[in-house]
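Residue numbering for the sequence shown follows our numbering, starting at 123 and increasing by one per position.
Take these hints with a grain of salt, some might be off.
[Said to hold, decoys possible] Below, in silico cross-link-like pairs of lysine-lysine (BS3-like), each with a Cα-Cα straight-line distance of 25 Å or less: (1) Lys332 / Lys363; (2) Lys219 / Lys412; (3) Lys412 / Lys389; (4) Lys389 / Lys219.
[Claimed, not checked] Derived CB-CB ranges, DEER-like: (5) Pro127 / Arg246: 20 to 28 Å; (6) Thr404 / Ala296: 22 to 30 Å; (7) Glu287 / Ala323: 48 to 56 Å.
Everything labelled a hint here was simulated from the structure, so no lab data went into it. A virtual CB, placed ideally from N, CA and C, is assigned to each residue, including glycine.
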Amino acid sequence: MPLSPEQQAEIDELRSQTTPTLRATVPGMEAHLYKAYDVLDHGFIRVIDYMGDDSAICQAARVSYGKGTKSVQNDEGLIRYLMRHWHSTPFEMCEIKLHVKLPVFVARQWIRHRTANVNEYSARYSILDREFYIPAPEHINAQSVVNNQGRGGVLEGEEAARVLEILKSDSTRAYDNYESMISQDGQDGLARELARMNLPANIYTQWYWKVDLHNLFHFLRLRADKHAQYEIRVYADAICKVVADWVPAAYGAFEDYRLGGATMSGKALDCVRRMIAGEEVTQETSGMSKGEWREFMGVVGG
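All chains, full assembly: derive it from the sequences and hints.
And the structure:
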């Protein structure tokens with residue numbers, strides 16, 4: 123279970139408390155506060171706090187006071203303009219703080235997004251739980267033959283069973299040795315900060331992650347993409363559902379222009395114009411490399 127009974131009791135207590143406030147609140151986010159949403163086999167995300175809403179974005183863009191305008195439609199139009207033209211500062215006026223439980227190897231990918239404030243569970247002070255990410259059989263894949271950092275087809279039969287058994291047995295053995303090394307039963311016990319180095323990268327860690335909306339959108343654009351690694355993509359997908367309830371106008375623009383849109387190079391745009399004019403364009407006549415052409419055709423639907 124991602125949450126222990128003690129953790130769930132703490133969440134229930136927090137959700138039972140209410141505090142009057144004059145700051146902007148969003149009903150959709152108030153419903154999300156403190157709730158843990160399961161991700162992978164032992165992970166979760168939960169909203170700890172947030173600041174701002176769609177009107178805060180418009181307020182910052184106009185440097186005005188109160189709400190952005192009297193018209194929600196006008197505010198939505200402004201937000202779409204800001205997103206369409208890659209404005210960033212107004213979106214930085216909104217912030218969110220998440221509590222995330224995730225495998226260490228996912229955390230190492232995640233932390234490459236350096237524009238956030240992070241405080242991670244310390245294995246120097248505390249003992250890590252015996253919780254490891256073990257992929258479901260449908261997510262045990264071979265190496266991709268066209269993408270050096272991607273996956274190919276799903277492994278099946280004896281090979282898949284053998285891989286899963288190795289992952290489970292290695293994780294168990296590593297944690298058994300970890301417990302044995304730090305034990306003070308009849309020995310001094312190895313320091314926790316040293317013993318942790320023997321643990322595998324699929325063990326779970328936790329952190330608080332606070333980020334502004336502009337940088338969150340950048341994270342989601344990369345990690346909610348279909349080409350992102352599955353194990354981090356499911357976290358991004360879970361966060362997308364929360365953000366859609368927090369800033370619906372901004373998320374709608376983000377979904378349209380970033381997740382659902384595409385950026386084209388000058389060569390690609392030239393090819394589109396030539397195709398519209400009726401010319402048959404090939405990779406050889408496009409001026410693009412094979413990789414660029416493959417990505418371009420994926421965008422235009424060829």
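Verification of the hints:
| no. | hint | in the structure |
| --- | --- | --- |
| 1 | Lys332 / Lys363 | 17 Å, holds |
| 2 | Lys219 / Lys412 | 42 Å, violated |
| 3 | Lys412 / Lys389 | 13 Å, holds |
| 4 | Lys389 / Lys219 | 41 Å, violated |
| 5 | Pro127 / Arg246: 20 to 28 Å | 27 Å, holds |
| 6 | Thr404 / Ala296: 22 to 30 Å | 52 Å, violated |
| 7 | Glu287 / Ala323: 48 to 56 Å | 18 Å, violated |
The structure fails hints 2, 4, 6 and 7 (numbered hints given earlier, in ascending order).
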